[in-house]
Amino acid sequence: MIRISKENHTYYYDKENKPVSSASIGDKVIFETFDCFRDQLKKDEDLANSIDMSHMNPNTGPLFIKGAEVGDILVIEIVDIKVEDHGVLTLIPGEGKLRHYVKSPITKIVKMENDQAFFSEDIVIKNKPHIGTIGTTPFGRIPTGRIGIHGGNMDCPEAGAGTKIYFPIFVKGALLQMGDVHANMGEGEIHIGLECGAEVTIEIVEVIKDKFIPAPIIESKDYWYIVSNAPSLKEAVRVGAKRMADFVSDRLEISLEEATLLVSIVGNVRIAQDAEADYDVSVYVQFPKYVDKRGRLDKFYYDKKY
Numbered sequence: 001m002i003r004i005s006k007e008n009h010t011y012y013y014d015k016e017n018k019p020v021s022s023a024s025i026g027d028k029v030i031f032e033t034f035d036c037f038r039d040q041l042k043k044d045e046d047l048a049n050s051i052d053m054s055h056m057n058p059n060t061g062p063l064f065i066k067g068a069e070v071g072d073i074l075v076i077e078i079v080d081i082k083v084e085d086h087g088v089l090t091l092i093p094g095e096g097k098l099r100h101y102v103k104s105p106i107t108k109i110v111k112m113e114n115d116q117a118f119f120s121e122d123i124v125i126k127n128k129p130h131i132g133t134i135g136t137t138p139f140g141r142i143p144t145g146r147i148g149i150h151g152g153n154m155d156c157p158e159a160g161a162g163t164k165i166y167f168p169i170f171v172k173g174a175l176l177q178m179g180d181v182h183a184n185m186g187e188g189e190i191h192i193g194l195e196c197g198a199e200v201t202i203e204i205v206e207v208i209k210d211k212f213i214p215a216p217i218i219e220s221k222d223y224w225y226i227v228s229n230a231p232s233l234k235e236a237v238r239v240g241a242k243r244m245a246d247f248v249s250d251r252l253e254i255s256l257e258e259a260t261l262l263v264s265i266v267g268n269v270r271i272a273q274d275a276e277a278d279y280d281v282s283v284y285v286q287f288p289k290y291v292d293k294r295g296r297l298d299k300f301y302y303d304k305k306y
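In our numbering, the protein residues as written are 1 to 306.
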């Protein structure tokens, strides 16, 4: 088992970043991760307006994937996410949907154990850990707090244990990195997730040679999800819907018009993040596998580009 210490972290997706480790197909890798504040908020008295904002959203890595070349697809499976014994909630001045109504900053350290978060003695939440930021390295230099076709700060609640993620590859070795784990987060991220450090175990499943996808695709047992982002929710939904319609058209061998009708009646647009911060809205479009009786949605087909 390969282990990457959280001390090996970066704040950018950058092809000039030197790999901190390498892995082959079939290898399992443990990524230790800081919380998104790099552990700067340790008690309720630590406030968001006092932290070093240059140390936000550290990503552990990058990891060099042997055999991964530009124009391929990297497939990983999230095997397990073990969160720490506490999480951080904070209201950040100037951010969030309710920023005009709430007093900020405030911080709340939340105890966690047995897959639960104890907001108070009487308010207990069942955790659903997921990776907020994960991606391959794009051509340019992009902060880890941003989202793009490489992945990055997708904040998708479905990026949890048991799912596969398909990433486009832009540089030799893919240079995979991740961080910003949430023990829990409501869809849309009205203000913040339950930020926490973690140990994330992944498996390098496959490198699909010479194939293209326009953005990360997430696969669960029953659904496909395609991620999109844009400065506005309206545009992010349009981009995501088109990507899913293209995906369904290719997989089911139907016209784009028919695929659009099908996505309209069984697809769901879900908001990952629209916290009104200084970065793009993130959405993901969900489509069920069960609709095709020939099983063409049961696995990822590689014979077409879209």
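In case anyone wonders, no lab produced these hints; they're calculated from the structure.
Every residue gets a Cβ at the ideal spot worked out from N, C-alpha and C, and that includes glycine.
Treat each hint with caution, since some may be false.
[Unchecked claim] Cβ pair distances, simulated, as ranges:
(1) V124 <-> E69: 20 to 26 Å
(2) Y101 <-> P288: 51 to 57 Å
(3) S22 <-> V291: 48 to 54 Å
(4) R294 <-> K221: 16 to 22 Å
(5) R238 <-> D292: 44 to 50 Å
(6) Y290 <-> V124: 30 to 36 Å
(7) L47 <-> D85: 20 to 26 Å
(8) N49 <-> E257: 50 to 56 Å
(9) G140 <-> L233: 22 to 28 Å
(10) E257 <-> R294: 33 to 39 Å
(11) K42 <-> G71: 43 to 49 Å
(12) H55 <-> I190: 22 to 28 Å
(13) I190 <-> N268: 15 to 21 Å
[What the hints assert, rightly or not] Listed below are the simulated EDC-like cross-link pairs for lysine to aspartate or glutamate, each with C-alpha atoms no more than 16 Å apart in a straight line:
(14) K128 <-> D80
(15) K299 <-> E199
(16) K164 <-> D27
(17) K15 <-> E69
(18) K28 <-> E257
(19) K299 <-> D115
(20) K126 <-> D115
(21) K211 <-> D250
(22) K234 <-> D274
(23) K164 <-> E203
(24) K66 <-> D27
(25) K164 <-> E69
(26) K172 <-> E113
(27) K234 <-> E276
(28) K42 <-> E84
(29) K103 <-> D39
(30) K128 <-> E95
(31) K128 <-> E199
(32) K111 <-> E69
(33) K111 <-> E121
(34) K164 <-> D250
(35) K289 <-> D222
(36) K97 <-> D292
(37) K242 <-> D222
(38) K221 <-> D298
(39) K15 <-> D27
(40) K111 <-> E95
Going through the hints against the structure:
1. Look at V124 against E69: about 48 Å separates their beta carbons, and that is not inside 20 to 26 Å.
2. Between Y101 and P288 the CB atoms are about 37 Å apart, so this pair departs from the stated range of 51 to 57 Å.
3. Separation of S22 from V291 is about 40 Å and departs from the stated range, judged on CB atoms against 48 to 54 Å.
4. The hint said 16 to 22 Å for the Cβ distance between R294 and K221, and at roughly 18 Å that hint holds.
5. Under the hint 44 to 50 Å, the C-beta atoms of R238 and D292, about 25 Å apart, miss the expected range.
6. Between Y290 and V124 the CB atoms are about 33 Å apart, so this pair conforms to the stated range of 30 to 36 Å.
7. The supplied range of 20 to 26 Å is met by L47 and D85, whose beta-carbon atoms lie about 22 Å from each other.
8. A hinted range of 50 to 56 Å holds for the C-beta pair N49 and E257, which are about 52 Å apart.
9. The hint said 22 to 28 Å for the Cβ distance between G140 and L233, and at roughly 25 Å that hint holds.
10. Separated by about 20 Å at the C-beta atoms, E257 and R294 break the suggested range of 33 to 39 Å.
11. Between K42 and G71 the C-beta distance comes to about 44 Å, which sits within the given range of 43 to 49 Å.
12. At roughly 24 Å, the beta carbons of H55 and I190 sit within the given window of 22 to 28 Å.
13. For the pair I190 and N268, the supplied restraint of 15 to 21 Å holds, since their beta-carbon distance comes to about 19 Å.
14. This hinted pair checks out: K128 and D80 have alpha carbons roughly 11 Å apart, not beyond 16 Å.
15. For the given pair, K299 sits about 28 Å from E199 by alpha-carbon distance, which is inconsistent with the 16 Å threshold.
16. The suggested pairing of K164 with D27 holds, with an alpha-carbon distance near 15 Å, which does not exceed 16 Å.
17. Restraint check for K15 and E69: the C-alpha separation of about 13 Å stays at or below 16 Å, so the hint holds.
18. Taken as a hint, the K28 and E257 pair is broken in the structure, with Cα atoms around 41 Å apart against an allowance of 16 Å.
19. Restraint check for K299 and D115: not satisfied, since their Cα atoms lie roughly 30 Å apart, outside the 16 Å limit.
20. Proposed proximity of K126 and D115 is supported: the alpha carbons are some 6 Å apart, at most 16 Å.
21. Taken as a hint, the K211 and D250 pair is honoured in the structure, with Cα atoms around 14 Å apart against an allowance of 16 Å.
22. For the suggested pair K234 and D274, the alpha carbons sit about 11 Å apart, so the restraint of at most 16 Å is met.
23. For the suggested pair K164 and E203, the alpha carbons sit about 9 Å apart, so the restraint of at most 16 Å is met.
24. The hinted pair formed by K66 and D27 meets the criterion: a straight-line CA distance of about 11 Å does not exceed 16 Å.
25. Between K164 and E69 the alpha-carbon distance is near 20 Å, which puts this suggested pair outside the 16 Å criterion.
26. Our distance criterion of 16 Å between C-alpha atoms is broken by K172 and E113, whose separation comes to about 40 Å.
27. Only pairs whose Cα atoms come within 16 Å are accepted, and K234 paired with E276 is accepted, the gap being roughly 14 Å.
28. For the given pair, K42 sits about 13 Å from E84 by alpha-carbon distance, which is consistent with the 16 Å threshold.
29. At most 16 Å may separate the alpha-carbon atoms for a hinted pair to count; K103 and D39 exceed this at roughly 23 Å.
30. At most 16 Å may separate the alpha-carbon atoms for a hinted pair to count; K128 and E95 exceed this at roughly 24 Å.
31. The hinted pair formed by K128 and E199 meets the criterion: a straight-line CA distance of about 14 Å does not exceed 16 Å.
32. The straight-line distance between the Cα atoms of K111 and E69 is roughly 43 Å, outside the 16 Å bound, and the hint therefore fails.
33. Proximity of K111 to E121 is assessed by CA-CA distance (about 10 Å); at most 16 Å being required, the pair is judged to hold.
34. Distance restraint check for K164 and D250: the Cα-Cα separation of roughly 20 Å exceeds the 16 Å cut-off, and the hinted pair is therefore not satisfied.
35. Taking the CA atoms of K289 and D222, the gap is near 6 Å; set against the 16 Å cutoff, the hint holds.
36. For the given pair, K97 sits about 39 Å from D292 by alpha-carbon distance, which is inconsistent with the 16 Å threshold.
37. As the CA atoms of K242 and D222 are separated by approximately 21 Å, the hinted pair breaks the 16 Å bound.
38. Straight-line distance between C-alpha atoms of K221 and D298 comes to about 9 Å, which keeps the hinted pair within the 16 Å bound.
39. Straight-line distance between C-alpha atoms of K15 and D27 comes to about 22 Å, which puts the hinted pair past the 16 Å bound.
40. Among the hinted pairs, K111 with E95 is inconsistent with the structure: their alpha-carbon atoms are about 24 Å apart, more than 16 Å.
When each numbered hint is compared with the structure, violations occur for hints 1, 2, 3, 5, 10, 15, 18, 19, 25, 26, 29, 30, 32, 34, 36, 37, 39, 40.
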